[in-house]
Every structure is written in C-alpha cells, then in structure tokens.
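A.B. asks: The task is simple: from the sequences and hints, build the whole structure.
Chains as they are written, first to last, in my numbering: chain A, 10 to 372; chain B, 10 to 372.
Honestly, the hints are just simulated from the structure, not real lab data.
Mixed in with the good hints there might be a few duds.
Same chains, same label: a pair holds when it works inside one copy or across any pair of copies.
[Unchecked claim] Capping the alpha-carbon separation at 30 Å, the derived lysine-lysine pairs in BS3-like fashion look like this:
{"#": "1", "residue 1": "Lys94", "residue 2": "Lys205"}
{"#": "2", "residue 1": "Lys205", "residue 2": "Lys251"}
{"#": "3", "residue 1": "Lys307", "residue 2": "Lys354"}
{"#": "4", "residue 1": "Lys263", "residue 2": "Lys307"}
{"#": "5", "residue 1": "Lys263", "residue 2": "Lys237"}
{"#": "6", "residue 1": "Lys94", "residue 2": "Lys225"}
{"#": "7", "residue 1": "Lys100", "residue 2": "Lys14"}
{"#": "8", "residue 1": "Lys338", "residue 2": "Lys205"}
{"#": "9", "residue 1": "Lys307", "residue 2": "Lys180"}
{"#": "10", "residue 1": "Lys307", "residue 2": "Lys177"}
{"#": "11", "residue 1": "Lys363", "residue 2": "Lys98"}
{"#": "12", "residue 1": "Lys338", "residue 2": "Lys95"}
{"#": "13", "residue 1": "Lys14", "residue 2": "Lys307"}
{"#": "14", "residue 1": "Lys307", "residue 2": "Lys363"}
There are 2 protein chains.
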Amino acid sequence: MPMFKKWVLSNDAPVLTSKGHHDLSEKDFELLEEHTSDVCKGEILCRALFLSVDPITRLYLSYGIGPGETVPGRQVARVVESRNKKFPKGKLIYGSMGWQTYSVVHPDAVQDICGKPVQLIEDLPKQLDGTTQYHQASTVPNAVQLPKSACLGVLGTTGLTAHIALTKIAKAQPGETLVISSAAGQIGHLVGQIGKILGLHVIGYTGDGEKASWIKLELGFDWAFNYKTQDPDQTLKIAAPKGVDIFVDSVGGKMHQTVLGHMNFCGRVIQLGNLSMYNNPKQIPESIPSNDLEIALKALTIVGFNLYRYSEHFESTLDELSEWCRSGKLQAHEHDIEGFESMPKALIEQLQGKYQGKIIIQA
Amino acid sequence: MPMFKKWVLSNDAPVLTSKGHHDLSEKDFELLEEHTSDVCKGEILCRALFLSVDPITRLYLSYGIGPGETVPGRQVARVVESRNKKFPKGKLIYGSMGWQTYSVVHPDAVQDICGKPVQLIEDLPKQLDGTTQYHQASTVPNAVQLPKSACLGVLGTTGLTAHIALTKIAKAQPGETLVISSAAGQIGHLVGQIGKILGLHVIGYTGDGEKASWIKLELGFDWAFNYKTQDPDQTLKIAAPKGVDIFVDSVGGKMHQTVLGHMNFCGRVIQLGNLSMYNNPKQIPESIPSNDLEIALKALTIVGFNLYRYSEHFESTLDELSEWCRSGKLQAHEHDIEGFESMPKALIEQLQGKYQGKIIIQA
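C.D. replies: Below, the structure is given as structure tokens:
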C-alpha cells in the first residue's frame, strides 16, 4: 500500500469562520499523507497524472465540503492496481477523484461533481505518462496529437461549455456581436475563438493589459480591453456600435450590469459562473445596481449554465472541437504547473487572475 | 368635425425634469381639447369606448414620448365616419389610438406600441356601446358573454401574457410550484388562476392584505401573503417547502432577489416588467443585492417577456382563454372607472397598487 498525499479543507480554515468578504488563502488547505486503503473487489488503485484547477472549486470549499474532506476536482490518472476487468492495470482514466495523488475507487460507483462515473481514456501514449516535458504555458501546437490533459480542458468541460453556450443556448448567428468576460480564462479564451469560427464580432475583456493583448493579437478577437484601465461603457459604445447580441459571462458584478446596458432586443446572456462573488459566496459582498429593467424592456434571456443538461450534444461537440484543434482553427491554451504541492497556490492565483487559459497540475 | 379631448405629456412635466426618484403625479399630464382633423381617403374617425390603463405607460412617459405628445395606450372604439371599406361606420375596432376620445387614423398604417395595425371587433353587442351600466369592480360572471373590453384584458395582452408565460416559456408541469408578484394585478390574478388550471402549487404576494385575501379566497390561490407585513423569506420557506420552479415577476427589486433564493435547480423566471423601477426609469433608485450567484449555481433561466415574439400562439391561446372564461374556470376581474378625465389618476393609483385586476376607463 503506497503512501499518498491529499489536500483537504483545513479544520480551522478561515473560509469557514470568516463572516464577511474573504479571499481564499493557503491557510484554508492542509496537506495530509496517508497509506492507501486495500483494493477491494471491483475497485482500482489509480495514480494522478494531471489535475485540473478550476475557479468553481472555490464554491465547493464553502458550499460543498466540510473540514477535513478532500478538495474535489477532476484528474487524469493511471490504473496501477485493478480488481475490475473493465479498468485493467495500465489504463488511463478520467474522473473526479479530487485533489489526491493516489485514489482507491470503484469506477462505476464513484460519482464526480457532475454525477459521472470514472471514464477510460484509451489512447494516451505511454511516453506521456507522468511526463515533465510539458512546456510552461504551452499552446497546443497545430495538427499534432493533443495532450491527454486536453480532456480536462478543450476536450472536456471547458471546451464543451464554450461550444454549447454559443451554439446550443445562444444559437449564435454570423454577424452577431459577442462579449466575453474573463476572456483570457480557461473558458473565455475558447469562447472567443469559437465565436470567430462562427462568424461573430468578438469583444473580450479582462483585468490585465497583457492578457487583453494576447486575446487580440494571438487569438484573433476583434476587440479586447482591460476593464480596470479603460472605461467599459465608453469602450463598448465604440467596440459594439450595433449593440451586443450575446454575452458569455463568468464573472458577474458591476461589469455584468454595464454590459446589460448595451444588449440588443432579444439578446442572450449565458451566465457560466460568478467569479466576482466566489470569495464571498455566503454573504453578498456589496450591493450592485440592478439592471433588471433591461431584462424586461429588451426581452433578454439569461441562462444559468449547467453543462450536464446538454449531454446529448457532447459527442458531436467533442468531434468538432477536436477537429478545430487539429486543424489549427482553435488554440487551446494550457498553462502547466509542476508539483501536486502547488495546487492551493495555483487556485488562489487563478482566482486572482494571474493565468491565461487552462491550468493543469502535473503530479 | 367634432371636438375631442386628449391627455398629453405636460410641457413642464416633473417626470421630465426630475433627476432622482420621482413618483408620477397629475402635474405630468395636460388635458387638451381640439377639433378632429379631416378624414382623408383610407382613413376613419373613431370614438373611444373603453381605454386600457397599464403600468407600462409609466415607462413610455419617460422613454417613449416627448412633451405635448399624446399618452400612448390601447382602446376599443367605434367607427363613426369612414373612408375605408374594410372599416365601415358602426364597426368596433381595437388599436393603440392613445389617450384620446376621438381619433382619425388610417387603420392599416397606424401602428400601435406593439407594431400591430387596428383590428376589427366584429361581435360587440350594439347595446353595450358606450354603456355606463358596468359595475365597479365587476367580476366577469360565469357562462355569460364577455364584455368587449375583454379584448383589452383577458382576451388581449394581459390574458395572452399570463397564458404564454406559463405554457410556452416556463413550460409549466403539474405539481410544480409557482410564485407570482403583483399577484392581484391585471396579469398576476390571471397567472395564478391559469397556474391552478394547469395543476401547479400557486403562491402569490401583494403589498396589501385585502388583495392577498381576495386571491386566496376568491381566486383559489394556494397561498397568498402581504410582503409588507409578512417576512417573505420565512413565508416562502413554509409556502414552498419543495422550492420554487417558476417565478412570474412584474415588480423586480428586493423581493425578486428573495424569491431567487428559493428557486429550484433549472427554475424559470419570467420577467414581465419591473414595476418597482417604473417611477425612476432613468436612474436606478437604490442598489439592491445581486443574487446572480443563484442564476449560475441553479442553472436558472430568466426570460424578459415580449408578447409579440409569440404571436404564432395567439389564436389557440385566445380560444383556450375564452373557453376557460365562459366555463367559469377563469375569473377575469375588471375594475371599471367612468370618465376619460380620470385616466391620469387611475394610472397613478394603479402604480400605487390601489386596484385589483384589469383597469378599464369608460369614456
């Protein structure tokens, strides 16, 4: 029985005791080392290779789990011991085993955050196993094999979310104007590129000038701006002279209200999340002006996004995303960080907006 | 050429000059008396019989029209002179001629607020023409001929709105829980009754105890409460123990946020309007806490309602509404007020929540 490491929510985590606004800190986490349990009939022992870092985890820390519980999250892992014929030793799997280096799981029984059991990944080349040869901030090269970590990103929930939000919910039409918040983020940078593929006029905003340059110059957005330094209202007047038809928002807050003021009649807003409130999910950080009047007057539709309501579209969507990646139309940006120990810091910095694209931890 | 009266937006209307929060007052209106213009080829002269008073008019006063312009609104009128074969003298029509006693209009050209031309009403009994025999606060009796003013209410936009909001947008399913704001209002009192016909658990709130009793005892809502005297959050916990699936809201504001907190996963919110902001449409009256987090977490859908996006359903919906009214399943409550001169006062009092059901002015 090998030793393994896991990150748990600390017993005296400030996020649990703080009443007001509270930024996540490393004090909220505790690293434990334990022996794995016995592998019983039907179970497997797997070793984490790639772990996903996601802003939504911030919410689970306040809403989803209690002190001492393993931080939830998705990972790509290799089966190292098996008492389940469907998941033999050596196979790669994808599932929500949480923030731990080894896991003993029953593949059919283990439900991840989204209620899906563990899945097999059949085609990861052996030589990538546990590799440290990834480049920092590597952009997936054109016309090459995608890394298997892609199933945590562009060929996983972030890619599916970006594609389905635009095509199945917003029903984007060529020539329409799209605005994206957190536009250099793991989902935003894909939404904008897919928007361009679909023939939209794409405007992205971020809280960082360098990221704004990146999405404009490297990813081909039509407009990009730093909402902290440029007046958002004035900028949108110039960037979206015909108004905004689709708004894909992961952030909420005051900027959300500003964009609503620019929406066209029958505009669609896809609310993927609400990053601006994640550090204070139990209490509302500050009152923000309500633009509800816009919703009724302009007959807007606002859809809170839940990917698993659209599972019938997953297969065809993954086919298209994969094709776009391989042909170079879509650049899935992956920021790789080495070391399981880095996970809390990576999440904290992701919430602070320090990274571009998808954050992957290599265990 | 007869003399006619019209209500216009006053040249020095406080609603136009006030910067902050501003309640509509009679000073915002001016009553003018003029001669009607000549009836040219294709035109008709018509006399108003029933005029509709609608909260949305408050918005048009700030957004839609300028000083000296006639207040917009719908009416049922009789053709008294005609140079249009399709609209002969004596016929009854429905259209947006505005707040005036006589109008010269080209039936095909005149576009009302919703972009519809004037329509014929073929079957109004002659003896109802200009009648003053309506009862104050009459509830349409069961199994009888509906008054022709009904095309301004239950067989017009308010009935269509109530029915389509529940059936076509919310796609209400039996057993679901429905919450309605302004539940004794012209749309709300219909939404609740249609909810009961569809097998929903119906909860309505108003700002008045008497109205709450009325919708509970007379109209058959399952729950009704006065949000000014009962704690809304606690009340909803008891009234909606399984959570809220559908919220039909005409009011917005803080109560809107409170109800969002009780919504179930995949809940639907139909935003018909935003009464709480109508007296201050240009400036936001006060910051209200945002529950946007609920939207993403619960995968809510919020739809700003615009009736004319659903015109393909009008005919079948009117058939069903008419049948429900005649069979007594649906009580369309009409509050009739005599005298064209009463219109501004009626609108002001409607916005203050003084009335139940549909307000009709008998000119």
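A.B. asks: Mind listing which of the numbered hints don't hold for this structure, in increasing order?
C.D. replies: 1, 6, 11, 12 and 13
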